[in-house]
Amino acid sequence: MRKLLSGIAFLSLLITGCSNSYQKDTSRLDLIKKRGELICGVSGKIPGFSFLGINGEYKGLDVDICKSFAAGILGDSNKIQYRPLTAAERFTAIKTGEIDILSRNTTFTLSRDSSGGNGLSFAPVVFYDGQGLMVKKESNISNIEDLQNKSICVGSGTTTEQNINDVFESKSLPYTPIKYQDLNQVIAGYLQGRCSAMTSDRSQLAAARSGFKNPEEHIILKNVLSKEPLSPASDGADNKLADALRWIIFTLITAEEEGITKGNIDEKVKLAKNNPQLKSLRRFLGVDGGLGEKIGLRNDFTINVIKATGNYGEIYERNLGEDSDVPIPRELNQLFKNGGLHFSPPFN
Amino acid sequence: MKSYKSIFFQIIIILLFICLFGFLINNLIINLIRTDLGFNFSWLLKPASFALAEHALPYSPSDSYAWALFIGWLNSLKVIFVSLFLSTILGIIIGLSRTGNNILLKIFSSFYITIIRQTPLLLQLMFWYFVGFLGLKNNFIYFSNLFKINNQGIDFFGLSLTSEFSALIIGLSVFTSAFIAEVIRGGIISVPKGQWESFRSLGLSERNGLIRVIIPQALPAIIPGLTSQYLNLAKNSTLAIAIGYSDIYAINDTIINQTGRAIECFIILLLTFLILNLLITNLMETINKFINKKKIYIN
Numbered sequence: 289m290r291k292l293l294s295g296i297a298f299l300s301l302l303i304t305g306c307s308n309s310y311q312k313d314t315s316r317l318d319l320i321k322k323r324g325e326l327i328c329g330v331s332g333k334i335p336g337f338s339f340l341g342i343n344g345e346y347k348g349l350d351v352d353i354c355k356s357f358a359a360g361i362l363g364d365s366n367k368i369q370y371r372p373l374t375a376a377e378r379f380t381a382i383k384t385g386e387i388d389i390l391s392r393n394t395t396f397t398l399s400r401d402s403s404g405g406n407g408l409s410f411a412p413v414v415f416y417d418g419q420g421l422m423v424k425k426e427s428n429i430s431n432i433e434d435l436q437n438k439s440i441c442v443g444s445g446t447t448t449e450q451n452i453n454d455v456f457e458s459k460s461l462p463y464t465p466i467k468y469q470d471l472n473q474v475i476a477g478y479l480q481g482r483c484s485a486m487t488s489d490r491s492q493l494a495a496a497r498s499g500f501k502n503p504e505e506h507i508i509l510k511n512v513l514s515k516e517p518l519s520p521a522s523d524g525a526d527n528k529l530a531d532a533l534r535w536i537i538f539t540l541i542t543a544e545e546e547g548i549t550k551g552n553i554d555e556k557v558k559l560a561k562n563n564p565q566l567k568s569l570r571r572f573l574g575v576d577g578g579l580g581e582k583i584g585l586r587n588d589f590t591i592n593v594i595k596a597t598g599n600y601g602e603i604y605e606r607n608l609g610e611d612s613d614v615p616i617p618r619e620l621n622q623l624f625k626n627g628g629l630h631f632s633p634p635f636n
Numbered sequence: 232m233k234s235y236k237s238i239f240f241q242i243i244i245i246l247l248f249i250c251l252f253g254f255l256i257n258n259l260i261i262n263l264i265r266t267d268l269g270f271n272f273s274w275l276l277k278p279a280s281f282a283l284a285e286h287a288l289p290y291s292p293s294d295s296y297a298w299a300l301f302i303g304w305l306n307s308l309k310v311i312f313v314s315l316f317l318s319t320i321l322g323i324i325i326g327l328s329r330t331g332n333n334i335l336l337k338i339f340s341s342f343y344i345t346i347i348r349q350t351p352l353l354l355q356l357m358f359w360y361f362v363g364f365l366g367l368k369n370n371f372i373y374f375s376n377l378f379k380i381n382n383q384g385i386d387f388f389g390l391s392l393t394s395e396f397s398a399l400i401i402g403l404s405v406f407t408s409a410f411i412a413e414v415i416r417g418g419i420i421s422v423p424k425g426q427w428e429s430f431r432s433l434g435l436s437e438r439n440g441l442i443r444v445i446i447p448q449a450l451p452a453i454i455p456g457l458t459s460q461y462l463n464l465a466k467n468s469t470l471a472i473a474i475g476y477s478d479i480y481a482i483n484d485t486i487i488n489q490t491g492r493a494i495e496c497f498i499i500l501l502l503t504f505l506i507l508n509l510l511i512t513n514l515m516e517t518i519n520k521f522i523n524k525k526k527i528y529i530n
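Going down the list, the protein sequences come from chains B and W. Counting from 1, position 149 in the first sequence corresponds to residue 437 in my numbering; the numbering is continuous, with no gaps. Counting from 1, position 135 in the second sequence corresponds to residue 366 in my numbering; the numbering is continuous, with no gaps.
One or more hints might be untrue.
[What the hints assert, rightly or not] Here are the simulated DSSO-like pairs of lysine-lysine, each with C-alpha atoms no more than 27 angstroms apart in a straight line: (1) B:Lys424 / B:Lys367; (2) B:Lys333 / B:Lys367; (3) B:Lys367 / B:Lys528; (4) B:Lys424 / W:Lys368; (5) B:Lys625 / B:Lys556; (6) B:Lys322 / B:Lys367; (7) W:Lys368 / B:Lys425; (8) W:Lys368 / B:Lys438; (9) W:Lys337 / W:Lys424; (10) W:Lys368 / B:Lys501; (11) B:Lys459 / W:Lys277; (12) B:Lys424 / W:Lys379; (13) W:Lys466 / W:Lys424; (14) W:Lys309 / B:Lys438; (15) B:Lys438 / W:Lys379; (16) B:Lys515 / W:Lys277.
Hints listed in this document are in silico derivations from the structure and should not be mistaken for laboratory results. Note that the coordinates shown come from a computational prediction; the quantities given were computed from them, not determined experimentally.
Just need the whole structure built from these sequences, with the hints factored in.
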């Protein structure tokens with residue numbers, strides 16, 4: 289009996305001891321630098337965004353964003369570990385610390401951003417998307433009303449599932465959702481004729497269609513069901529990392545605004561160093577001002593980022609441009625000065 | 232002296248278990264605090280705002296998460312009980328043909344068992360769904376409006392089953408039946424050969440002898456194995472998510488994504504399956520007791 293009692297006493301000590309020794313974590317930014325490697329959560333299944341190429345390397349817009357983060361934080365865009373994640377796994381992976389950042393075509397929403405919801409922090413939008421519907425040309429469906437009482441293939445665990453419901457409910461149109469866990473299954477269900485339509489972000493529909501045997505037999509309806517601003521995300525409790533990510537994205541956009549590219553970066557650096565009167569360029573490239581230090585990075589982090597991936601426009605052209613495998617017109621993803629939505633606050 | 236020692240060791244082992252358990256719970260609580268995710272079940276009453284393709288009771292997206300979970304639970308039960316029934320019948324037929332004297336049936340049933348038991352269930356479900364059902368043409372089988380099979384499912388005298396439900400039922404039943412067949416064969420083999428010879432010498436027909444002499448004696452060996460196959464079937468039904476059927480696991484998955492309440496959702500899932508499986512175990516236990524009593528009576 290005495291042994292039992294002392295055992296219980298020991299145990300309770302152990303438990304209280306543990307909870308007392310707990311301390312709030314330091315920023316992951318320091319952890320990433322210490323580890324010398326960035327762990328980046330991607331999808332791995334969406335051509336144009338993140339896709340495993342023939343040579344076994346990840347390619348796409350989301351992957352290039354990972355690379356620019358690694359270049360900005362570590363100075364080397366190759367020091368990345370990619371973790372392919374499903375839509376359902378991604379938020380838990382961030383909260384448990386399995387990955388440092390999530391660059392997986394994730395829609396920026398209030399409940400994901402808030403501490404009362406998924407508790408993430410979103411970096412600036414890297415792709416402005418909207419949800420759409422794809423149907424077979426021969427079905428003669430031309431708008432949402434034609435889909436009344438039809439089945440629609442949708443990926444579960446995404447905002448897509450909620451949006452399609454909101455739209456159909458607001459129009460009082462009954463429909464049958466067929467939910468799959470994986471985009472590839474959504475595509476298979478649609479192609480095999482289980483559903484009259486499939487729904488996803490319009491960029492994903494275009495990417496999927498590019499892989500079909502006869503892409504011209506499928507049309508993406510004109511209706512845009514929702515706003516889908518896609519952003520990289522990190523743990524919401526970690527402001528230091530979030531700041532660093534935010535300004536690395538703005539680096540890509542500012543570089544395009546200023547016409548700084550992978551090709552001319554060395555020239556621009558030389559120009560900035562030799563001309564003290566080019567104040568804003570000197571600040572941006574870290575010659576003056578010490579801006580990088582303020583967000584826990586090297587002062588010349590912008591140079592590393594641009595050298596690694598080029599500016600935003602270059603990333604877009606490489607992965608989604610006219611000559612790429614998944615051409616998607618730039619439209620909303622133009623710079624603000626060209627009629628799109630991308631705009632960077634000043635590097636001051 | 233010896234018994235003191237063994238009691239001492241048992242206490243140590245129990246304490247170690249308590250320590251381990253305490254450590255795990257402690258770890259969970261610390262992590263919940265760290266990630267700002269305290270336990271909270273109030274979200275259960277908020278509107279679910281997702282539609283479901285199949286619901287046994289009225290459901291609309293403005294109903295609560297709790298109701299959506301309940302609908303998912305009913306969908307799971309529907310699948311579990313229908314496949315339980317079908318797999319038992321199929322398993323008995325295959326098991327008996329494997330032990331019987333008909334060579335053709337024997338070869339067929341061992342072939343069936345070998346193929347089904349050596350391939351993963353997930354693969355089989357995908358096969359039944361994507362190849363079996365979705366591969367069908369629009370008018371694969373069509374007898375007026377009474378009986379139809381096509382890639383939208385099965386229509387059977389006014390009862391329409393979706394292709395997801397049908398593929399899941401077929402996949403689970405076929406898979407489990409192969410295991411049940413082996414359990415039944417094992418039970419029948421466990422009956423001594425003398426029993427067969429004695430009923431034959433009494434002039435009973437093969438069918439009568441099997442039903443009245445062999446099976447009652449085989450049942451005590453069959454029931455425990457059968458129970459574990461039923462439990463497996465109930466748990467395997469969660470693979471429904473792979474082929475787009477909205478069972479409780481699939482609905483849980485959606486809810487986790489919408490609310491971010493992973494731990495609460497998994498606790499609910501765990502409890503529902505625990506309760507269901509305890510029910511199945513207890514039911515089978517009762518049947519087992521009943522059979523054993525009867526055996527004493529026969530003897």
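For a quick check of understanding: which of the numbered hints are violated here, in increasing order?
As far as the earlier hints go, 1, 13 are violated by this structure, in ascending order.
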